[in-house]
Each structure stands twice: as structure tokens, then as C-alpha cells.
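> Residue-level listing of the chains:
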Amino acid sequence: MLTFTLRRLALFLFTMMVLTLLSFSLSFLFPGDTVINHSGQINATATDLAKLNEAYQMDKNIFRQYSAYLQHIINGDFGQSMASQSPISNEIIELLPATIELSLVALLIAMLVGIPLGFIAAINHNKTSDNAILSFAMIGYSIPVFWLGLLAILLFSIGLGWLPSSGKISLLFEIEFVTGIQFIDILLSDSPYKWQAFNNASAHIILPACVIALAPATIFIRLSRAAMIEVLATSYIRAARAKGLNFRQIIFRHAIRNALIQIIRHVGLQFANLVTLAMVTEVIFSWPGIGRWLIESISQRDYTAIQSGLLALSCFIFIVHILTDFIYAALNPLARGNNHGS
Amino acid sequence: MNLLDIRNLSIALDTPTGRVLAVDRVSLSIKEGEFRGLVGESGSGKSLLAQAIIGVLQDKWHVDADRFHWRGIDLLRLTIDERRALLCRDIAMIFQEPMSCLDPTTLIGEQLSETIDTSQLSGYFWQRRKQRKEAVIKLLHKVGIKKHSQCINSYPHQLTEAICQRVMIAIALAGRPILLIADEPTAAMESTNQGQIFRLLANLNQLKNMSILLISHDLENLTHWTSTITVMYSGQFVEAGSTEKIFNKPMHPYTRALVDSSTKANLQLPTKSRLMTLPGSIPILQHLPIGCRLGPRCPRAQQKCVSAPKVSNFHGHKVSCHYPLLRDPGKKEAVKHKTGKGIN
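In order, the protein sequence lines correspond to chains A and B.
For the first sequence, the working numbering assigns the number 1 to the initial residue and increments by one for each residue that follows.
For the second sequence, the working numbering assigns the number 343 to the initial residue and increments by one for each residue that follows.
Bound-form chain A, shown alone (with noise of 0.2 Å):
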């Protein structure tokens, strides 16, 4: 178990070496000049200028520029944003909780409904159950997310106004913020209307996670019924069956956890996808997090948002996969002692 964590972690340090490089060589693919991508302060004046040339190494070779910028990454400085002029870092730790927040709320939505579907979908293969559920999922699967979001709030909101339509909580509420992630703030908050706030949070949060869970639902009703009709034919399945266990028995205690195992792989995989979503989903329903106000600053031209939001965002999204692989490493013994690098 100690190799597989160390082989993971340095996994993630040279991904993460990848990816700044990514990042530090946007600052010379976008257009003006160099340092003013890397620290966003376009209005610096020239001895201001020389400090930054000097704090990132402008006048020595590519390497040591590079240094410089990791340097600085590592120190927790992303420089500001052009368009605000505030420190990127910020505004990262203000926002990307509230996509995090969002986008695991969204992640479980999509399990907990697809899973089991793609489940029932299998054990009732080619029967009637089993193409209604395929249906949904290629109709769930077809629809646009903007477009259904869109529905959504024209539904929900306006028509029979169950829920509100953008935000992240009423304003009315005053939650100090601590991790950025509503509902442990809420928790932690001592305000007396802390659980009028809890459900109004929910409330808000229930039509943006929904919408962005339909795709990904549908993709792991399909992978779990694939899964499961896979795992019903092989021949542990039937040794069981021999051995006079009743179908109950067999589908919870033998075919669910290995047909988890095999979806556990593509929740990671799905998760990248999801957060796509997310971003869209962010600027229709106005939620407050990474995914707006990156969209927001390629609209404004702000490379230095643009290059450090990536950053950010990347490295969360590759922190889920490694998740991912723990839980799958948890779930299926043989993967444990793998010793090739997968």
C-alpha cells in the first residue's frame, strides 16, 4: 500500500510538472509582453518592471524562468488579475470551493442515481425495464446542459417556483466564511437561523447540481449495466449460484462490488466532464465559483486568470482521479500489489 501511495504521489508531482509548464509557457504564447502576463500588473511603471523582471528571471535562460515561476506558484503567488487588480490567489480560495461544492454534490447525484438504474437496467436485461432505462439515458445523455438548465429554471423557478434560480444562498443570511464550502460554513457558523440557512443552501443548490448530473448520470447508467451484465456471466457468478445462494445474496454480496470496481475507474474520467458542465452551468444559474469567473476572464482577455484558473482547476480535478484510484485500490484486492505503473 506504501508503494502504491508513493507511486501515486509522484504521479501527481510530475503531472503537476506538466502542467505548470503548460501554464508558464501560455505566458509567452498570449499576446503582450511576458512578466506582465506572469504578474498581471499592467499598470506597473518601469522600476516596477525591473522588479518583476528581476523576481522572475526574466534576463536568465528559459530554465531558470521557469524556476522563478515555480517559485513564486509554490509560495502561493499567481500574481493579480488584470482586469480587478487583485491577488488571483484569492479570489482562487474564495471560488474554487463553492465549484468543489458544487461539482462532488453533482458527482453524488449522478452516482446515486446512475449506479443503481444501470444496475436494475442489468439484472432485467432485455426486458422492459431494461430499454426504458436506456432510453432515458440516451434522451439524458442528448440534451444540451445550457439548454436544460434554461428548462429548468423556467420550470422550477418561474413557472412553479419550488426553487430559487441563481446564487448560492439568500442574501439575507450572513455565513462568515471559514472554508469556502457552504455547508460546513453553515455548520460551523453559531448564527441562530443556522438551519433556516441549511435549507435555504440546499435549496439553491438542488436545480444547478441536477442539471449538471444528467450527463453523467446517464454515462454511468450505461458503464454500470455494461458492468453488471459482464460480472452476471462470469463464471464466480454461477459457482455461487451453484452453491445455493439466493439471488439477493449473489447481486449484494458478490456481483455489486465487483461491478463497482469497474465504474470506480471511469468516476475519475467522468469527473473532468463534469466539471466542463459545471462551468457552464455556473454562468447560467450565477453561481458564484471558479468555473464563471473563468469563463468571465476570457471574455475580459485576462491571461493571468486564465492561466492560474487553469492551474487551480487542473489540479483539482487530478486530485479527484487519485482519489478515485485510493477508493479503487480499496475495493479490489488485485490492484493492490500491481506493481506496473497504470
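No wet-lab data here; the hints were simulated from the structure.
Check before you lean on any hint, since a few could be wrong.
The calculated lysine to aspartate or glutamate pairs, modelled on EDC-like cross-linking and capped at a C-alpha distance of 20 Å, are [as the list claims (entries may be wrong)]:
1) K488(B) x E452(B)
2) K480(B) x E452(B)
3) K402(B) x E376(B)
4) K402(B) x D130(A)
5) K127(A) x D602(B)
6) K127(A) x E452(B)
7) K475(B) x E452(B)
8) K488(B) x E503(B)
9) K660(B) x E376(B)
10) K489(B) x D459(B)
11) K402(B) x E230(A)
12) K587(B) x D602(B)
Given the structure of chain A, go ahead and fit chain B onto it with the hints provided.
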């Protein structure tokens, strides 16, 4: 009394070109305490027959039989669930490739303990856990695994093929079965391990009076262990009788060819001459010959063989052939009289 009595069991598969009989009217009976072998080439429907008996065939196979009795109970009258409940209690099965028949993500101990029925345990529910563990250890000892704690805490991929097969046997024994069906239990195993597994099965048969149906393609090896043998060819019943009779005085041309093709029979052959074999190979499922399926390969085939022969009984030695090999001229007449069939 017969433990298991099957008459004319057929297994069919629907294909785009119509229904194909993979197993064609095979009869099989097993007495209490019998060690019966079931021999046939690969593709002759032995495994299908075994899986049909225990009821774990996939849905695409259609099984029907004229008679299917288990200890005097007519199973054809029971519903599928009742039948499975009855059979799973009394019959256990071990498969070829034991490694793939154990759940790769569950510990051996768990897989063993879930087969132990609660009715076998006495005492209150807080004692059950301990009792279950003791029962598991006892089972492992029974199949000759001494390092029980190590075995309980390992996953199937951490054990060798032979140990896995022992675990499978232990799982099969957990239900205290009356009949154990072993479907090529030693396929892809080294010969020393093969011997161990067969000895274990023979011990169970002799000491516990457990009936065993051993499926194999190796007639010569089977003769060391079994008391009676049934031979199948391409889904048809060929011959059944005591091991000694089958091996020494086979009546069916196919059994004759099987015995002749064994290494022991070929010892006297001069060097660099061809070994004795039947010409041709087993027909594929899509192109089965009509009548006796051995027909095109049979050295004794005549025109009559295009219709399937009836089973004739020679003092408990059953053979399904129009022209059985008979050595004793005195018997010939009796048979002719009894079955009313032409004998050459």
C-alpha cells in the same frame, strides 16, 4: 434405490438456423455411494449435462427430460425455485478453473462461511460468528488445507490453482451434499496436484459414502478412481457400465476407439507407426449428422445408422448402437432375441 434418475434429457439451443440439440436424449442414473465417471471428448455436452442437472445453465439453453427423479422425488413436477432449493441443498458442484469460480474481491473465509447454512449452527446469534469460523476451519482441514488462518485471510489470486480447487471442494462440502458433481476438476493442473484432488474425491466417496459424478475427457485416468462410467459422444449417450467392463470389454465402437487411443493400449505399437485414432473429428453444433452422430466416423457404420439406435441393456451394461461389439457368441442370440435388432 437410484439417487438420481434421468431419462432422455435433451438440451437445445436456438440458433438463427433453427433449434440445435446440443445434448440429445441422454439417460443417466446414479446410485447411492456410487463413484461415476462421465467421459467424452470436449464438446460432447458433458458440462452442459452437469450444469443442467444442478440448474445453473444460462437462459438461452432449453432443457427437457422424460424423467428427472431425485431420491424418488419427481423434479419435473416442482417449480424451478423449489427444484433449485432442493438440488442446491443435496447436490454440490465443483467447476474447472477454480480460480475463476471464486469471487476475486472477497476473502476466502467469507466465501466459505456464507455457504454454511444457519440451520447447521446451534446457539444464540452472538455465538454464531465464532461457530461459523470454527466450521470454516473444520472444512478447510477436511480438504487437507493445514494453514487455515492464512488461507481464510487471502484472496483467490494469492492462492495456487490446486488450493483454490480444494477451497471449491470445501465450499461444496459445506452444504453436506449427497452428490458431488466434479466438472473436470483438474483441468490445467499439474499431475501431482491432480492426484491429490482425485485422492481427496475418492476418500470422500469411501469414508463419507458421498456419491460423486466425475466428468473428464481422460478415460484411462478415470478408470483408476471410478466404479461406473458413462460415455458420451457429441451430445448422445454412447455406453454405460462398470468401469472394468467399459475399459476391458467395450461394446460400442466409440468406446473401443477411446480405449485404443489411450497410451496404455498403444504400448505394443512399433516405433514411428501411427497411433490408433478414429478418422475425422467431432462434428460442430451446426452440422450434426442425423441418427447416430458417430455415423460418419464409425468403422462399423451401415445404412441403419442413419436412424438413432435404441439403448440395449446387457446385464447392466447399456449401449446405444445398432451393431455393438460382442465377443461371446452365446450372448449374441440372447440379445438378438431380447432387443430384436440386427447384429453383425
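> All hints are to be evaluated individually against the structure, with a verdict given for each.
Status of the hints after comparison with the structure:
no. : hint              : in the structure
1   : K488(B) x E452(B) : holds, 18 Å
2   : K480(B) x E452(B) : holds, 14 Å
3   : K402(B) x E376(B) : violated, 32 Å
4   : K402(B) x D130(A) : holds, 18 Å
5   : K127(A) x D602(B) : violated, 51 Å
6   : K127(A) x E452(B) : violated, 33 Å
7   : K475(B) x E452(B) : holds, 9 Å
8   : K488(B) x E503(B) : holds, 16 Å
9   : K660(B) x E376(B) : holds, 17 Å
10  : K489(B) x D459(B) : violated, 24 Å
11  : K402(B) x E230(A) : holds, 16 Å
12  : K587(B) x D602(B) : holds, 14 Å
Checked against the numbered hints listed earlier, the structure breaks hints 3, 5, 6, 10; every other hint is satisfied.
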